[in-house]
Amino acid sequence: MKRIVVLIVGFLVFTLESKAQILKDTVKLMPFEIKDSINRKLPYLETTIQKEQLESGSIRDVGDFLRSIPNVSGVRKGGVAVDPVIRGFKFSQINVILDNGVKIENACPNRMDPVSSHVEAEDVENIEVIKGPFVLKYGPALGGVINLVSKKPHPFEKFEMHADALYGFETNWNGQKEHVSVWGGNKKIYFMLNGGYSDYGNYQSGNASRHDTTFNSSFRKYNYGATLGYSPKKNHSINLSYNEIHGRDILYPALPMDEKSDNTRLIALDYNAVDLSNIIKSLNVKIYYSDVDHVMDNSHRSGWDSKQMVSVVDAMNIGGRAEMGMQIKKHKVFVGLDYENINKDGARTMTMLMMGTTTIKKANLWKEAKTQNIGLFAEYKTFFSYWELDAALRLDYNLASSEDTLKLIKNHISYFNDVSSNYINFSISAGITKEIAKGLYVSLALGRGTRSPNMLERFIKLMTVGYDNFDYLGNPQLKPENNNEADITIKYSNEKIGNFYLNGFYSYVQDYIGAIMLPSSVVMPQTSGVLGVKQFVNVKAVGFTGGEFGYSTTEKYKWGGSVVAAFTYSYIPSVTKYIVTGNNVTGDTLLKNDALSEIPPLETTVSFFYKVLKGKLVPKISARIVADQRHVSEASYEPYTPGFALLNFSIKYNIIKYVSIAAGVNNIFDRAYYEHLNRKIIGTTGKLFEPGRVFYINVKVKI
Amino acid sequence: MKNKLLLLAAFFAFYGLYGCKDKPIDSNPAKEYGKIKFNFTHLVAGLPLEKDTMKYINAAGNNYEVDQLMYFISDVTLHNSDGTTKLIDGWKDINYVDVDLSSTLSWNVYDDIPIGTYNSISFTFGISEAKNITMMFVNPPDVNMMWPGVLGGGYHYMMINGKWRDTANVIQNFDFHLGIGQLYKSNVINTDSIYAFVQNYFDVELPNSSFTIEKNKTREIEIIMNIESWFETPYIYDHNYWGGGIMQNQPAMQMVKENGFDVFTTGLIQ
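If you read the sequences in order, they're chains H and F.
Going by our numbering, the first residue of the first sequence is number 2, and it counts up by one from there.
Going by our numbering, the first residue of the second sequence is number 244, and it counts up by one from there.
Everything labelled a hint here was simulated from the structure, so no lab data went into it.
Check before you lean on any hint, since a few could be wrong.
[Unchecked claim] A short list of chain F residues far from chain H (calculated; beta carbon distances all over 12 angstroms): (1) Lys280; (2) Met297; (3) Ile300; (4) Gly304; (5) Gln311; (6) Asp354; (7) Asn382; (8) Val386; (9) Pro391; (10) Ser429; (11) Glu448; (12) Gln497; (13) Thr509.
[Said to hold, decoys possible] Interface residues of chain H toward chain F, partial, derived using beta-carbon atoms under 8 angstroms: (14) Ser93; (15) Met355; (16) Pro520; (17) Gln527; (18) Val586; (19) Thr587.
Please read these numbers as outputs of a predicted model, since none were measured by experiment.
Cβ atoms here follow ideal geometry from the backbone N, Cα and C, with glycine treated the same way.
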């Protein structure tokens, strides 16, 4: 506690003593329910979350927070690093990027480190979530895009300097976080320094039914970074940023190992120019480098004395993009290209201590694996009378290779052999929006997004990377996956009544990347406690359908509220179910129209708030009701998940110009519950529960 | 308006052409199959094994008991009367049997077995050199059969753990284990003096194991291990001579291996 106080006071004293402080920035108080900031003229759903909303809750993890957006869910394996899922699309099916184009290759095969875990919520300016394969300028997009935009410095008319500091505490976990930012500059040169620290203990599930459980979910993270900006002349800027994010002893009870350490380095150089001529309106060029060093082991597990597993993986992504925006009368065109080069290398060392002897086996997870992707993209926007048109095209050339020496061929069937592949992928989308009455818009969007298999799907060797209890084997000859999607959306906006939208979508995914079991006579698992080995394969086709509904009141009233609801339904026309008797696979059967695994159930959230003290104090109460998920994958022996209802309360108080407090209680009735997408505790059939009742407070000082 | 319609039509046309490629249907003709299940029984002198009871006497006159019995059989092969063979490896090719784990005492084979008459069954007792890979098993109970790397690695083929009454009437433990043997320089039993390894797995031809497979029916075949046979024919195995542990004693394991040819017999076929 002393350290925190010293940290905050130190920065405040430092910044207060800085000369030329002009307190121009104000703490904006937003209505802080998760309100879909839907752009009504886009033919697809794009949700934007602003930093004020991020600061108002108990956010220890961006992925966890994203679950509050309708039809965005997440895979939980531990206390942090919830892996976002959009309408049932997950992992590489969604394109998660930083700052409009920086890509990070997660090093951990178990996805302990999804991209969203490499950014702290306190460093985020806003988050854009785009559902569907419609926005193609950020890279291949199959199920959606999540763009995490970090806070960046900007020029000032004359030298200024500002700072903010945040301290947050949560009960249950006894978790605390601290974050500070200092930024300033003048017309030409400007900068930002930022850093944060969070330390959370193990959480307990709810105790309402008197059987709360403590889950090994503690974690410790710290990060720091700097951005330097230079504006050589008006409308031109160059930004160079450097960030490091570190994780230590992050426990994942739903995985066979925990994260011992994770060290991530991000470097990005941006050049931006606007209004270059009557036609060229913008030019954005970005070059980035990201590197993740990840170490995980089972030293926190009971089996460490007899069997030790240590995996070390290094993942590097170097790339860039250039985009030019042009406008000729009412026609807007964006064209550009992007490139990424991913290198991944890692090995697992197993040490077995049995019968008084030590046996060590080292096996590679990836062996100098490499993927390169170069893409050309174009976007076109125009309008005519009451119509608006958005269209996008993308052409990708993707190639992959590896230095793997594994050869797995049995009975003339090649399971793992030729490790080189290359693909040319074409993606296209188009949508129209018509204003059929004042404030009432109807949209139709059609798109086909194609993405190549990722590094894990191509080359991983025997790690438990799926939702089930199997080791997975990559398949270097996987084909690209294609999502053909149609969205119909109705949006209505009225200054008095509020904002409303209703969306329905259907996705037909061809060459869906799923997995099938492999016989133990072909390959045996390498992870303790797993049932066998699955290999990634292309499934001919699967389908997703569902929709979202949202309504929020306008901000003009003292009181307000919102209602959101979302639903996704999936099916696979034909799938093999393996019959397991005892420890043996004794047969198989073909199932028709089975569900896909890890599809979120129907849910709705209702929120009410009331502004008092001229809007400085805003209490809010929200109820989240989630239905049972009974449409589960029979082929995968996926269990059904019971529904639940939660009540949360929060309050935000802008005490004075410089100080604001956000506090609240989540899961007021201390329910013991788990989301359908939460993974099972390793070695058991029980799911990882969500935290029970949590009281939290965030204090923010900004000058 | 005309332009808009043209644009939409072009999109749908492209979408339809590009999005509706189909794969040819696999037209593998259907064959007729049945299933097979193996049941494992363990006898001493023709009676079911009674563990933890010093009631047995072997050919060497040792009074002994069996406390634990675990082993692997692999590469089970069914010999069809038409001269063809069916190797059971559709799902697994190495099967673990443990008298303490009832789930291992029967093996519902995944493979579809072509219908017909089969003359006999053969298998490898233990695991062949090519398949006996260190750390290939990661889960109990198989993982507990690990054979130390310095002694040749891989896994035990068999463990019979028990006790015998020695010549001084003292009850001693024996670990009657079979796995990869070692040859030691100058017969110095020290891991540093190992100069070669010996594969001790062997092939078993099950006598009187003819059977038929009928369409969509499961044939159950009992495989019997006659435990006393490990200690006789052609060699008399004397615990008093070989002592408690034989993992580093290749001559003892060689005797066990050679005694193993008639340990297995065929029981009930139904």
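Structure-based check of each hint:
{"no.": "1", "hint": "Lys280", "result": "violated (9 angstroms)"}
{"no.": "2", "hint": "Met297", "result": "holds (26 angstroms)"}
{"no.": "3", "hint": "Ile300", "result": "holds (30 angstroms)"}
{"no.": "4", "hint": "Gly304", "result": "holds (31 angstroms)"}
{"no.": "5", "hint": "Gln311", "result": "holds (15 angstroms)"}
{"no.": "6", "hint": "Asp354", "result": "violated (9 angstroms)"}
{"no.": "7", "hint": "Asn382", "result": "violated (6 angstroms)"}
{"no.": "8", "hint": "Val386", "result": "violated (8 angstroms)"}
{"no.": "9", "hint": "Pro391", "result": "violated (4 angstroms)"}
{"no.": "10", "hint": "Ser429", "result": "holds (23 angstroms)"}
{"no.": "11", "hint": "Glu448", "result": "holds (22 angstroms)"}
{"no.": "12", "hint": "Gln497", "result": "holds (22 angstroms)"}
{"no.": "13", "hint": "Thr509", "result": "holds (21 angstroms)"}
{"no.": "14", "hint": "Ser93", "result": "violated (20 angstroms)"}
{"no.": "15", "hint": "Met355", "result": "holds (5 angstroms)"}
{"no.": "16", "hint": "Pro520", "result": "holds (4 angstroms)"}
{"no.": "17", "hint": "Gln527", "result": "holds (6 angstroms)"}
{"no.": "18", "hint": "Val586", "result": "holds (5 angstroms)"}
{"no.": "19", "hint": "Thr587", "result": "holds (4 angstroms)"}
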